[in-house]
Amino acid sequence: MIQSKTLQELADYLGGTVKGNAKLVVDGLAPLDAAGPDKVTFLANPKYAAKVAETMAGAVLMAPGGESYGRNVIEVANPYLGFAKLLTLFYTVAQTPRGVLPEAVLGTNVSLGDAISIYPGVVIGNNVTIGDRVVIHPGAVIYDGVTIGDDCVIHANAVVRERCRLGKRCKLQPGAVIGSDGFGYAPDGSSYYPIPQIGIVVLEDDVEVGANSTVDRAALEVTLIRRGTKLDNLVQIAHNCQIGEDCMIVSQVGIAGSSKIGNHVTLAGQVGIVGHVTIGDNVIVGAQGGVPGSLAGNAYYSGTPVMPHKEWLRAMGTLPKLPDMRKKLHELEKKIAELEARLGKE
Amino acid sequence: MIQSKTLQELADYLGGTVKGNAKLVVDGLAPLDAAGPDKVTFLANPKYAAKVAETMAGAVLMAPGGESYGRNVIEVANPYLGFAKLLTLFYTVAQTPRGVLPEAVLGTNVSLGDAISIYPGVVIGNNVTIGDRVVIHPGAVIYDGVTIGDDCVIHANAVVRERCRLGKRCKLQPGAVIGSDGFGYAPDGSSYYPIPQIGIVVLEDDVEVGANSTVDRAALEVTLIRRGTKLDNLVQIAHNCQIGEDCMIVSQVGIAGSSKIGNHVTLAGQVGIVGHVTIGDNVIVGAQGGVPGSLAGNAYYSGTPVMPHKEWLRAMGTLPKLPDMRKKLHELEKKIAELEARLGKE
Amino acid sequence: MIQSKTLQELADYLGGTVKGNAKLVVDGLAPLDAAGPDKVTFLANPKYAAKVAETMAGAVLMAPGGESYGRNVIEVANPYLGFAKLLTLFYTVAQTPRGVLPEAVLGTNVSLGDAISIYPGVVIGNNVTIGDRVVIHPGAVIYDGVTIGDDCVIHANAVVRERCRLGKRCKLQPGAVIGSDGFGYAPDGSSYYPIPQIGIVVLEDDVEVGANSTVDRAALEVTLIRRGTKLDNLVQIAHNCQIGEDCMIVSQVGIAGSSKIGNHVTLAGQVGIVGHVTIGDNVIVGAQGGVPGSLAGNAYYSGTPVMPHKEWLRAMGTLPKLPDMRKKLHELEKKIAELEARLGKE
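Chains as they are written, first to last, in the working numbering: chain A, 1 to 346; chain B, 1 to 346; chain C, 1 to 346.
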């Protein structure tokens, strides 16, 4: 499964330019300080530019105009992206399609695309549509009426409930749950009456959902995650949320019901967002931040409740000094009373 | 599957009263601003009362004595509850019982109720009792000695471990785990010796557990969740906890071992509660709150560590001003020193 | 299944000493205040020493030199550990190996140890090695190339992805996921390109992973959890992390990518640790703590961002007084201005 490629072939694949021996053959990737002459390495962070002089690598991926120190170089606009693409080229192997293995269980009226793999222990309901080249790993359960787009990968024991829809190239890690009932109850005296959750979840193209993350179906309409958004592990998206395009939702984030998240938003680990708020495009919320209301776009927030990140850094830097400040305040109060006493009442 | 009902039939179903054309036929529900003449809508929040004048709905569910603006009205004491009940009536369909499907695996001495559905890929151990009308979806695993009450619904890939007991009408969302081993270890030098967790979990009637939530079995006796309590997704209940009746435990809450939660407690998202504490009835803890000790009932708390909610709001409002306060404090200190110098030593 | 043992047998089993009637026969364990004459109880916390005088227990496990109040005593260095070991002796039963049950599905080139139990609904890939006495419960999925050491227990619906390795005596609770793809993406314009995660996860001996916890595979090399470390439920370990020996990682903790945790570290519930930091040996982080950087060992930290625990306690005790401090500061400012006015400009 080892592949060999010339530097010219790699440059053509990445849309880059070789400087040096374009015919050199390499067979894989390695870090700057570990790569040998049969490997390509990369320089993404200018901080490490001097390491290029010492690398044993056969070639270095770097941005145009960088100092080559006499090495073979493949110049590409985005060396880190180039590295990721070469990792895919060298180290991932398209599985040979297995078809529907005998220990899988399919309902009636299941439409199957070409070149699929449906593994043992998969259970698929009725009226399900599966696109081309889809892979469904063991133990995954697809309820009635689900649609799964081309090139999706559903890992072991993931669940997609009734009528939910996945776009193309979506990936569900093991144990991910799409379309669980939203947490909706009507108070009935001191008890709670469950409100039927009759909506669905839609994942657009290129959405990825981490291991054991959960996306609840809408009460009436659609919980929507737009194109390109990635959810890490153990994330919770409540019913009726709309998440924009190309968001990064890091592990253990929770977003309460009916909130709308803009495009290209980054929520760091363990952030919580209340329900019914709107988060603007390009917002970043720092780890463990608590968002109690809507946030304007293009800004970086932290804290519980969130404030601008720099303000939070200053406040947190002062926090440990709070007890000393209180003591000092008492001292000053006393000194002022003494001064007032010495001056006498006016 | 569309059902048609007269307003009188709906009023009778809800225990309400029609004002207007009781014979009008409707076939579903919709929001105030989207409902047509064949739909019922509802007014729960008085803030939107004026919208009743403009709705195209065939009828409006509202509280007795509200202004009808000439619309047909069904008066009910709790319009939101009425809406939830009509959603159930119009949009949920009782599944035809499927029996035990051939690809399910049952152990010995399994007692099965009437009108059940046990789907492919379900595995049930020995000495299990399943009540009437229970539905167990694909991939769910029921260990030995479990009891599941009438009308329970166990979704795909949920797990109920040995000897745990579910009351009537319990619902487990996909991936929920009931009865995993409690996190108990005895220090043995610098290592940890696992303490056998030989107790069980009991869910009383009408308990619902969200997707991928986990409820640990007790060390010796019972982890207990009382009637009517609802757990959202990704919630953790540790061993030996006792959760009261009709609590709402929102997503990603964690409750450590042996804590006792009262009745009708609401824990908002990502709240954490330490072990061995008691939380009084009707407590509310705001999102991300951290509870380090017992809490008196009938109060609303927030923050880490929690304080009364209003106190927390005030403290948090002041927090961003902390660096300015510190600066001001230094200035005042200096001014006082100057004043003291001018007055001389006494 | 009830076993009867003499006190001498129990003392021999624990490496302790009987004081009193070594021939007395008991058949189980119970708490100090509930134990009858056929049961052993234990005194671990000296606070409860006086209860020994009142217990009805047949014998008391206690540390050497404790007051026996005339009871039969088994003296052991660590009574709590002794209690845990006797729980194992009296109440846990080694299951009879079941072999590979017919409804399990095994790939090619699967190497099976002696005395295993592979339950219905388990799916095992190709080139997998399973050690002696391993138990794999229903619905668990083992991908290609996995190695599972002797005496491991894999609970229902847990997943171990391709090429990951488990040492001896590891335990996965239901729904645990080992080896899901790390959350790694290269920015590509405003979108994200998934970086192949070609590394693995290694769990050394005696590692336990809680229900629905997730451990991501490394990007290139190994996500490593060392001997004896225990993860509670719903814990997230990101790619490339290295967790030391004998750590206790409590429920809902999240550790971001490439962080290194020392030996014997305790992370309380809901703690979050950022990526690329180093946490020293014997560190304790209090519940909900947020760790933004590396931490020196042998210390107890709390808060977000963390500070020394005692400092945090003092700061948190002052926090609710912050609004009053601010008010007081304004008052003092006014008083000083008055004093300055009275003294006139110099």
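In short, the hints are calculated from the structure, not lab data. Treat the hints with caution; some may be incorrect.
Where chains are identical, the list cannot tell them apart; a pair therefore holds if satisfied intra-copy or between any two copies.
[What the hints assert, rightly or not] Under the rule of at most 25 Å between Cα atoms (straight-line distance), these lysine-lysine pairs were calculated in the DSS-like manner:
| no. | residue 1 | residue 2 |
| --- | --- | --- |
| 1 | 260 | 47 |
| 2 | 321 | 310 |
| 3 | 39 | 5 |
| 4 | 19 | 51 |
| 5 | 168 | 335 |
| 6 | 334 | 51 |
| 7 | 335 | 310 |
| 8 | 321 | 335 |
If you're wondering where the values come from, they're calculated on a predicted model, not measured in any experiment.
So, going through the hints one by one against the coordinates:
no., hint, result
1, 260 with 47, "between (38 Å within a copy, 23 Å between copies)"
2, 321 with 310, "both (18 Å within a copy, 13 Å between copies)"
3, 39 with 5, "within (10 Å within a copy, 65 Å between copies)"
4, 19 with 51, "within (18 Å within a copy, 70 Å between copies)"
5, 168 with 335, "neither (72 Å within a copy, 68 Å between copies)"
6, 334 with 51, "neither (61 Å within a copy, 52 Å between copies)"
7, 335 with 310, "neither (34 Å within a copy, 29 Å between copies)"
8, 321 with 335, "both (21 Å within a copy, 21 Å between copies)"
Checked against the numbered hints above, the structure breaks hints 5, 6 and 7 and satisfies the rest.
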